[in-house]
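Student: Sequence:
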Amino acid sequence: MRTFTGQALHWEFRDGTGELTLNRPPANEIGQQMLEELEHFATALETFSAEINVCIIGSAQRSGFSAGADLRELYNRSLPLDQKARLAGVRDFIERIHRVFNAIDAAPVVTIAAVHGVCFGGGFELALTCDLVVADKMARFAFPELRLGLIPGFGGIPRLRRDVGNALVRDLLLTGRSLNATRAHAVGMVSQLAAEGEALHLARATATHIAKFDAATRIAAKQFIKPIPHSEIQHEKELFCKLFDRPTVMAALKKFAESTDPMPYLP
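Residue numbers (the working numbering): 19 to 285.
In short, the hints are calculated from the structure, not lab data.
Calculated pairs, DSS-like style, for lysine-lysine (alpha carbon to alpha carbon, straight line, at most 27 Å):
1. Lys273 / Lys260
2. Lys240 / Lys230
3. Lys273 / Lys102
4. Lys255 / Lys244
5. Lys255 / Lys102
6. Lys272 / Lys260
7. Lys230 / Lys244
8. Lys240 / Lys255
9. Lys102 / Lys260
10. Lys273 / Lys255
11. Lys102 / Lys272
12. Lys244 / Lys155
13. Lys272 / Lys255
Sequences are here, hints too, so could you generate the full structure?
Tutor: The following block contains the structure:
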């Protein structure tokens, strides 16, 4: 289908451009529902890729692009399970996420993340699958997983290292601090900086410009300049699962899930 509206997102393919809009309150947390609908989107993107030049991924939520994985859902789903079943469930979720993110990363169209506000954890990792990141000046990027005793698990470390220097990756990974849009632009992670609230508008203007050029050349250039670091992503996945299989992580998730703060992931 060329259009779809679900509980967590909406997409539309028309006039040579695709748009995926994340829309799950309060902050586009990626849980089972979001994942299922992203899987449908990945299939649709493959099906209609010959009809579109560019696909933009943005957010309808005022809070931002995405706060990352739905940690409350993860904790509540894991709570009644024994350790073996809990780890199996997490591994299945991670495997499915990786299939979707790899499909977006490798799509034979130009993908643009239009980012505003919070872009943390798994949301940051989703943005990193895109060829270009357009961010408004209030956007913030972070890997806060360290606070839970984890590392990013959706392929974010290898993808960020593909795009920027290893020193920046270490800074974000080991401190959990956020990176503002201005610095993200300065280090080359963000390709274009927009005024507040203008990221989607700028992404659409960029899409119009990109569509002027030969599609076959764009595809060849993307495949040449943006190889997917599969072996590193696999290593990250295994390390994530190994770290998750510890009592300290469940204790941290419990504290997160019981927090009354609506956005406890904020630094």
